[in-house]
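Residue numbers (this note's numbering), protein chains in the order written: chain E, 1 to 334; chain C, 1 to 284; chain A, 1 to 524.
A few of these clues could be false.
[Unchecked claim] List of simulated lysine-lysine pairs, DSBU-like, C-alpha gap at most 35 angstroms:
#: 1; chain 1: A; residue 1: Lys456; chain 2: A; residue 2: Lys302
#: 2; chain 1: E; residue 1: Lys54; chain 2: A; residue 2: Lys265
#: 3; chain 1: A; residue 1: Lys302; chain 2: E; residue 2: Lys56
#: 4; chain 1: A; residue 1: Lys217; chain 2: A; residue 2: Lys103
#: 5; chain 1: A; residue 1: Lys181; chain 2: A; residue 2: Lys227
#: 6; chain 1: E; residue 1: Lys72; chain 2: A; residue 2: Lys181
#: 7; chain 1: A; residue 1: Lys92; chain 2: E; residue 2: Lys56
#: 8; chain 1: E; residue 1: Lys56; chain 2: A; residue 2: Lys410
#: 9; chain 1: E; residue 1: Lys160; chain 2: A; residue 2: Lys265
#: 10; chain 1: E; residue 1: Lys56; chain 2: A; residue 2: Lys138
#: 11; chain 1: A; residue 1: Lys100; chain 2: A; residue 2: Lys111
#: 12; chain 1: A; residue 1: Lys92; chain 2: E; residue 2: Lys54
#: 13; chain 1: A; residue 1: Lys502; chain 2: E; residue 2: Lys160
#: 14; chain 1: E; residue 1: Lys160; chain 2: A; residue 2: Lys315
#: 15; chain 1: A; residue 1: Lys502; chain 2: E; residue 2: Lys54
#: 16; chain 1: E; residue 1: Lys56; chain 2: A; residue 2: Lys143
#: 17; chain 1: E; residue 1: Lys56; chain 2: A; residue 2: Lys271
#: 18; chain 1: E; residue 1: Lys54; chain 2: A; residue 2: Lys178
#: 19; chain 1: E; residue 1: Lys54; chain 2: A; residue 2: Lys192
#: 20; chain 1: E; residue 1: Lys72; chain 2: A; residue 2: Lys178
#: 21; chain 1: A; residue 1: Lys177; chain 2: E; residue 2: Lys160
#: 22; chain 1: A; residue 1: Lys143; chain 2: E; residue 2: Lys54
#: 23; chain 1: E; residue 1: Lys250; chain 2: C; residue 2: Lys15
#: 24; chain 1: A; residue 1: Lys177; chain 2: E; residue 2: Lys56
#: 25; chain 1: A; residue 1: Lys271; chain 2: A; residue 2: Lys249
#: 26; chain 1: A; residue 1: Lys34; chain 2: E; residue 2: Lys160
#: 27; chain 1: E; residue 1: Lys54; chain 2: A; residue 2: Lys138
#: 28; chain 1: E; residue 1: Lys72; chain 2: A; residue 2: Lys177
#: 29; chain 1: A; residue 1: Lys103; chain 2: E; residue 2: Lys72
#: 30; chain 1: E; residue 1: Lys160; chain 2: A; residue 2: Lys494
[What the hints assert, rightly or not] Computed spacing ranges between beta-carbons, pair by pair:
#: 31; chain 1: C; residue 1: Arg186; chain 2: E; residue 2: Thr27; range: 36 to 44 angstroms
#: 32; chain 1: A; residue 1: Ile93; chain 2: E; residue 2: Asp191; range: 56 to 64 angstroms
#: 33; chain 1: C; residue 1: Pro244; chain 2: A; residue 2: Gly276; range: 56 to 64 angstroms
These are computed hints drawn from the structure, not numbers from a lab. Values in this document were obtained by computation on a predicted structure and should not be read as measured data. The beta carbon of each residue, even a glycine, is placed where N, CA and C say it ideally should be.
Spelled out, the chains give:
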Amino acid sequence: MRIIALVLKRLTWFVPTLVGLLLIVFTVSHIIPANPAVVLAGEGATQAQIDAIKEKFGLDQPLPVQFWRYLKSVVSGDFGTSLYTQRPIAEDLLTRVPATLELTLITIVIAALLGIPLGVIAAARRNSFIDHALRFFTVSGLAIASFWLAILFQLLFAMKLGWTPLQGRADSWGPDPVTGFFVIDAIIQGDWDIFSDVVSHLVLPVMTLAFPAMATIVRFTRAGVLDAINSNYVLYEQAMGLPQRVIVWKYVLRNALIGTVTQIGLIFGILLAGAVVVESVFDWPGLGLYAVNSILRSDYNGIMGFTLITGTIFILVNLLVDILHGTIDPRGAG
Amino acid sequence: MQTALFLLQRLARDKTALFGALLIVGLILVALLAPILATHPADVAEFHPAERLQGPSATHFLGTDRMGSDIYSRLLFGARITIVIALIAVGTSVLIGVPIGLLAGYYRTWFSDLLMRVSDIFLAVPQIVLAIAIAQTLGPSIENVILALSITYWPFWARLVYAETRSALNNTYVEASIALGASPMRVLFLHVLPNISSSIIVRTTIGMGGTILTAAALGFLGLGPPPPTPEWGRTIAESREFLPDAWWYATAPGVAIFLVVMGFNLLGDGLRDILDPRTRRSRQ
Amino acid sequence: MIRRRSMLKAFGLGALALLAAIAMPLAPAGAKTKFVFANASPYDNLDPHMILDVGRVASRINMYDGLLRWLDNPAKIEPWLAESYTISPDGKIYTFKLRKGAKFHDGTEIKASDVVYSMERILAAGGQSAPLFAPLIKPGTTKAPDDYTVEFHLAQPSAIFLAIVPEVHVLNTALVKKNEKDGDWGKVWLSKNEAGSGSYALRRYDPAIGFTAERFKDHWNKSWGPKPIDEIEFRTVIELNSRVLGLLKGDFHGTDGYLPQDQIKRLRDSKDIYIGEAESTRIFYAIIHNGREPMNDINFRKALSYAFDYDGFNKNILSDSVARNPVPLPNNIWGAPKGVKGYTYDLDKAKEYLAKMDKPPREINIAWMQGYQQTEQSAALFQAGLNKIGIKTKIVSDPWSVVSTRMRDKEQMYDILFLWKSTYYADPNNWVGEMYACNQIGQRNNSWYCNPEVDKLLMEALETTDQEVRRKNYEKASTMVMEDAGGIFVYNTKWFGPFNKKVTGVRFCPIGDGQEMRWASMEN
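Let the hints inform the model, and build the full structure from the sequences given.
Here you go:
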């Protein structure tokens with residue numbers, strides 16, 4: 001019951017939060033002295049030509065009117081037109097969302113597959129050499145600037161060794177879009193050349209993004225496992241004479257995982273933030289690069305569209321995590 | 001005074017935390033002594049195009065950059081920018097976020113709900129995206145980077161203090177003092193704040209590291225202080241055009257960022273262990 | 001792969017040799033050649049009337065045709081869809097005779113009505129080529145007396161009309177109209193589709209990746225390269241190092257001709273790559289805001305002009321990859337004065353002129369464009385120079401969207417702004433005429449410079465068609481602007497186009513930037 005109440009409460013705030021977010025971003029993006037109509041009109045355009053473009057995109061209206069119009073069109077499913085590409089924002093974003101999700105989801109899976117066992121090992125052998133090494137690793141993961149790490153990887157693996165491509169999502173066109181997830185599309189079409197090309201393009205950005213994510217997971221898993229080891233029921237199991245390995249992997253891990261799972265929201269946040277920078281370095285055609293480009297070109301509708309999508313994803317993920325948290329660990333709900 | 005002494009004693013026993021503290025002291029010393037330590041202090045604003053892109057040597061310890069300036073000297077002066085940005089931005093965020101969190105946590109009215117929802121709004125997209133948008137709007141300068149980071153960073157403290165305040169209010173002795181008719185200000189500042197200050201200190205220390213990373217990212221994207229400011233993130237961005245030949249160009253500033261952020265994180269971890277008994281066990 | 005390998009094993013070595021012998025002569029005939037170009041700017045819109053910049057020239061120059069076309073370097077204007085043209089004695093009516101039998105990609109013939117439609121679309125749809133034509137041609141005045149004749153009626157005589165005619169890219173009217181939505185002149189559709197008659201026809205497009213186009217064998221012009229390229233692909237590769245690495249690996253066969261010299265050096269070391277060289281017509285300069293104190297004082301402007309380290313920038317920072325260009329006209333275009341020395345980096349002279357001012361100047365701002373490292377480096381270098389003569393400066397930067405807005409506003413315009421002036425049409429008016437004419441102030445004249453004597457020369461040159469008069473006027477005008485220190489003129493770009501050795505016959509023209517691929521050949 002409490003869960004349902006929580007979800008309802010959160011959902012009532014969902015729309016106001018999004019509108020508030022849009023309002024902030026709208027205000028911020030529209031006080032730039034940039035007049036995108038000037039760029040669109042081309043060099044040497046007269047004021048009349050510029051005014052015509054302004055009118056067409058509604059840029060001549062007062063800001064509150066522009067914002068109201070924007071909200072109304074969003075409700076009807078229209079995110080507006082990009083001032084640059086002249087295409088609907090939704091269409092541009094649609095190709096970008098799978099690119100970013102593919103990157104972040106693969107990263108989360110890899111980070112979890114490696115991070116959880118390493119966290120358990122660190123806890124089980126605490127104060128051993130492995131534990132100290134892992135501690136150095138996790139501290140580094142959260143201290144290194146992702147754009148610098150990305151450049152180091154490029155320098156080493158792409159430029160010096162030539163093992164991986166430098167940037168981009170595929171060497172040429174990639175697979176024909178079905179889901180928009182290149183890995184999946186390549187598998188569906190059974191084209192293994194494209195598949196290996198797509199995978200090789202994923203290696204460096206995933207490595208860059210996975211480093212801090214993995215560091216976070218290792219930390220939380222280690223702390224969770226230690227918490228569980230010190231709790232009473234483990235003492236009981238030990239007293240029952242179960243081997244240490246069984247206790248750690250079977251009983252302790254299950255409890256420790258709860259703590260880690262509820263951190264997925266946090267990790268997802270780290271990844272989305274990381275994607276903004278990492279996509280810029282790797283020229284990855286995802287949401288992050290789209291956001292940076294839109295901001296730099298004052299493409300208002302692009303900035304708003306990105307905010308809307310990211311905000312929605314982010315709020316939903318956090319809601320999901322809270323529900324999980326509430327279900328697994330009722331103490332923390334509310 | 002006594003608590004400070006206790007803290008120092010405990011820190012001295014924690015080797016990694018001590019290492020972190022040393023790194024931070026190092027950063028501060030480098031920033032203060034930059035004019036003395038630098039071999040080419042004028043190179044912050046002066047260029048020698050004929051000497052551009054030279055590798056490390058006895059005259060140029062870390063090589064020269066695209067304008068022929070000494071990277072080592074510029075790196076030292078860059079420490080000043082990093083400190084200024086991080087200190088002011090985090091300080092402002094604390095000054096905004098802590099009172100908001102305290103008040104919202106104490107008065108459970110529609111207004112405190114509203115305050116928290118406003119902070120939710122800021123937390124609904126990655127901090128860096130809002131910071132980029134604000135920095136871009138205001139134009140690249142040191143002041144604007146600080147402003148952009150402060151505007152986007154305060155909700156983290158507000159959320160933390162809000163949650164901590166609410167749990168502190170459940171303490172028996174706080175409940176008792178409220179029952180005895182203590183004024184809200186008295187309760188908040190005499191009972192709640194001291195009780196939650198350790199969390200704030202820990203969060204602030206780690207927050208310094210995060211702020212330095214975000215500020216560097218803004219500089220990397222070209223939204224930091226303008227050239228010829230020797231900001232570290234900007235230096236790394238400049239170097240990309242000259243890779244792989246000028247490998248030394250990005251190395252030094254990247255390592256510098258790494259060490260400083262690591263310093264704050266290690267110190268923060270150490271402080272957490274000492275100050276926050278609930279997580280202490282995790283480090284045993 | 002595995003299957004192929006076991007098959008080869010089964011055949012044995014002898015069979016392998018036999019296979020190779022058979023396959024060898026067949027392969028070139030059967031396999032298509034594909035040229036891949038790595039471009040630094042994204043092809044986010046394919047509409048030839050919306051986009052005018054040189055960075056994205058490949059889509060319009062390869063897939064569309066105009067009545068005339070710029071070719072070679074220095075650029076000459078040649079008949080293209082039009083076989084010939086006549087100009088009325090008053091210089092106001094231009095009549096073009098169309099080539100018969102020229103076809104769009106869908107096979108329909110190009111008629112005069114398509115040209116009329118394209119002209120009206122340029123004027124109405126508000127793209128980047130509209131400002132070129134709007135002052136000269138009013139909507140509804142372009143006529144098609146018959147299927148193969150087009151008449152343009154100019155509002156006033158113009159010496160540059162022919163020079164801008166190549167930008168009238170002719171659209172397939174029926175196709176565009178079919179895809180029009182809510183009277184948008186097909187803007188949404190044309191942003192990602194193509195309705196042209198050019199040498200290549202669009203096959204695939206993705207705004208995040210680029211476009212692929214296939215050779216249009218029915219093109220009216222049969223003079224292709226000896227081994228014409230079957231398929232061209234222009235891909236967006238923003239990161240400089242990726243473009244260079246891709247070329248070294250052979251994934252790309254060409255990229256833009258303005259790479260830093262450090263990278264050109266790397267490419268020269270490869271045995272698979274050659275670097276085409278040409279002096280282009282793209283000048284790098286600093287706009288000085290002449291309409292604001294203290295830059296309205298000629299002494300201050302001269303001091304500024306003597307305080308920029310031209311050699312340090314051109315020779316060291318750009319490794320001598322550019323040519324010093326002292327006037328607001330590229331050295332290599334007619335109308336550029338010969339033997340003019342221009343300013344040098346001379347801080348003593350700068351101080352002399354500074355001393356002649358009534359009062360010491362205030363702090364000035366120097367602007368550069370985000371994303372263009374050269375503008376940043378020049379701003380920083382200039383600041384260092386001015387610092388030495390005691391002029392305080394502040395460096396500011398904005399993205400192009402903001403820069404272009406501020407350039408139009410006298411109050412918002414920066415004191416100094418570094419940028420390029422590219423070639424939209426190869427006529428001196430493209431540079432000195434637009435940059436310093438009084439009636440262009442706030443539009444293309446962003447210096448607020450207005451010298452009545454210079455203006456008289458420019459206006460006369462714009463109206464007369466007497467080549468000798470025009471040449472002399474431009475020589476005089478650009479020298480005068482230089483003497484007035486109306487701007488700081490730094491260099492003229494050299495083009496270093498890196499290409500894979502499989503590709504030959506690249507025909508460089510400043511307007512097409514060496515990217516019109518119909519002239520080139522490619523080995524398999």
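Checked hints:
no., hint, result
1, Lys456/A / Lys302/A, "holds, 23 angstroms"
2, Lys54/E / Lys265/A, "violated, 46 angstroms"
3, Lys302/A / Lys56/E, "violated, 44 angstroms"
4, Lys217/A / Lys103/A, "holds, 11 angstroms"
5, Lys181/A / Lys227/A, "violated, 41 angstroms"
6, Lys72/E / Lys181/A, "holds, 21 angstroms"
7, Lys92/A / Lys56/E, "holds, 32 angstroms"
8, Lys56/E / Lys410/A, "holds, 26 angstroms"
9, Lys160/E / Lys265/A, "holds, 17 angstroms"
10, Lys56/E / Lys138/A, "holds, 21 angstroms"
11, Lys100/A / Lys111/A, "holds, 8 angstroms"
12, Lys92/A / Lys54/E, "holds, 32 angstroms"
13, Lys502/A / Lys160/E, "holds, 26 angstroms"
14, Lys160/E / Lys315/A, "holds, 29 angstroms"
15, Lys502/A / Lys54/E, "violated, 48 angstroms"
16, Lys56/E / Lys143/A, "holds, 28 angstroms"
17, Lys56/E / Lys271/A, "violated, 53 angstroms"
18, Lys54/E / Lys178/A, "holds, 27 angstroms"
19, Lys54/E / Lys192/A, "holds, 23 angstroms"
20, Lys72/E / Lys178/A, "holds, 30 angstroms"
21, Lys177/A / Lys160/E, "violated, 53 angstroms"
22, Lys143/A / Lys54/E, "holds, 30 angstroms"
23, Lys250/E / Lys15/C, "holds, 33 angstroms"
24, Lys177/A / Lys56/E, "holds, 20 angstroms"
25, Lys271/A / Lys249/A, "holds, 11 angstroms"
26, Lys34/A / Lys160/E, "holds, 28 angstroms"
27, Lys54/E / Lys138/A, "holds, 21 angstroms"
28, Lys72/E / Lys177/A, "holds, 30 angstroms"
29, Lys103/A / Lys72/E, "violated, 45 angstroms"
30, Lys160/E / Lys494/A, "holds, 30 angstroms"
31, Arg186/C / Thr27/E: 36 to 44 angstroms, "holds, 39 angstroms"
32, Ile93/A / Asp191/E: 56 to 64 angstroms, "holds, 58 angstroms"
33, Pro244/C / Gly276/A: 56 to 64 angstroms, "violated, 25 angstroms"
Checked against the numbered hints above, the structure violates hints 2, 3, 5, 15, 17, 21, 29 and 33; every other hint is satisfied.
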